[in-house]
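Peer 1: What follows is each chain in one-letter form.
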Amino acid sequence: MKLMNRLNLVVLFVLIVSVGAFSQEMSKDDWQRQMTELTTKRDSLKNVLTAVQNDVANLKKQDDDKAAAVKKCSDELATLIGNQEAPFDALLTKIENLINDLSHLSNQDLWARRADVDTAQSWLDTAKKDPLSAVEKYAKRIQDDQSKLDALKNTIQTTMAAAQAGMTYTVGTWARDRDCLWNIAKKPKIYDNAFLWPKIWQGNRDQIKNPDLIYRGQKLQIPEKGELSKAERTALRSYWSKKKTMMQNP
Amino acid sequence: MKKPMAFSLVGFAMMAMVLTSCSSKPSDQELKQLDDLKAEVTSLQNQISAAESEKAALQKAIADKDAQLAQCMKDKDAVQQRLKAQ
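Chains as they are written, first to last, in the working numbering: chain A, 1 to 250; chain B, 251 to 336.
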């Protein structure tokens, strides 16, 4: 009896282990099925790989051809430009350095160096005439430089206008200062433009009866610089009309 | 006495069935064959992925060169026009 029970226990144990092991192992049918599926998949992937590799080979050739075309064009452009590119680039760099320098100045200092702004503009105008200015990378640089120069000129104009607002001028003598309305308007600190003298005349009608007669010590208001207004142009026409009449009838 | 005996007999029979059915599994060589095939499939998939990446990179490089070429041609024409005008 005891022996029989022990035997049964052994049988049971072996049975449990065997069933457990069996359930984890693949059957021959499963193996065959997987082999078939994977073989089909492998063959399909090989075809796909071949096709992609052919595409890569074609694209490599295209890439080489494009590189050759780009080099050819670059060489032809370099031939057209000759050895002018380096000096042209140096000119633009010189302009940009000057503009950069002027951009860091205060408004007062910029006003004092306004001649340098004109110099930079002159150099830039020279650069614009060069055939290399047609090349896009240089055209962009020139455009940027012009924008910055325009901003500097604007600042100078604004500074001058602000200075002129409330500006006065004390008349000196003809003998020493050659002060007349024409010469006063011509002064850089005033209008830098003699033709704007009627502005000073009309802005000081209380002091100036005859624009040909101004006196030492007169403190003249200097109106803001700008084009002659309608009233100023009318006054100017009237002035020349009277002068003509006086000359015809001395 | 009979029940334990019957149980033993059933147990032996089942054990015999399990043991005999073990002979319809793939051999070690066949299992290795299957593993090799799986590895080959994985390798092919990786190669395809790498080739697709290379293809995409080449397509981009070609597009970049097309843009460079177009710009160069434009610059060349512009400079030629300027030289003619001088």
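Hints are supplied without guarantee of correctness; some may be wrong.
To be verified - In silico DSS-like pairs for lysine-lysine, Cα to Cα no more than 30 Å straight-line: (1) A/Lys-209 with A/Lys-189; (2) A/Lys-137 with B/Lys-275; (3) B/Lys-324 with A/Lys-148.
As the list claims (entries may be wrong) - With beta-carbon atoms standing in for the labels, derived distance ranges: (4) A/Ser-122 with B/Ala-317: 46 to 54 Å; (5) B/Ala-306 with A/Lys-41: 46 to 54 Å; (6) B/Gln-330 with A/Glu-227: 20 to 28 Å; (7) A/Asn-54 with B/Gln-279: 47 to 55 Å; (8) B/Gln-336 with A/Lys-230: 56 to 64 Å; (9) A/Tyr-239 with B/Gln-336: 16 to 24 Å; (10) B/Ala-306 with A/Gln-32: 46 to 54 Å; (11) A/Lys-41 with B/Ala-317: 51 to 59 Å.
Treat the hints as calculated values from the structure; they're not laboratory data. Glycine included, every Cβ here is placed at the ideal spot set by N, Cα and C.
Peer 1: Work down the list of hints and note, for each, if the structure agrees.
Peer 2: Now the hints, each set against the structure:
{"no.": "1", "hint": "A/Lys-209 with A/Lys-189", "verdict": "holds, 24 Å"}
{"no.": "2", "hint": "A/Lys-137 with B/Lys-275", "verdict": "violated, 74 Å"}
{"no.": "3", "hint": "B/Lys-324 with A/Lys-148", "verdict": "holds, 26 Å"}
{"no.": "4", "hint": "A/Ser-122 with B/Ala-317: 46 to 54 Å", "verdict": "violated, 36 Å"}
{"no.": "5", "hint": "B/Ala-306 with A/Lys-41: 46 to 54 Å", "verdict": "violated, 24 Å"}
{"no.": "6", "hint": "B/Gln-330 with A/Glu-227: 20 to 28 Å", "verdict": "violated, 43 Å"}
{"no.": "7", "hint": "A/Asn-54 with B/Gln-279: 47 to 55 Å", "verdict": "violated, 36 Å"}
{"no.": "8", "hint": "B/Gln-336 with A/Lys-230: 56 to 64 Å", "verdict": "violated, 45 Å"}
{"no.": "9", "hint": "A/Tyr-239 with B/Gln-336: 16 to 24 Å", "verdict": "violated, 48 Å"}
{"no.": "10", "hint": "B/Ala-306 with A/Gln-32: 46 to 54 Å", "verdict": "violated, 39 Å"}
{"no.": "11", "hint": "A/Lys-41 with B/Ala-317: 51 to 59 Å", "verdict": "violated, 40 Å"}
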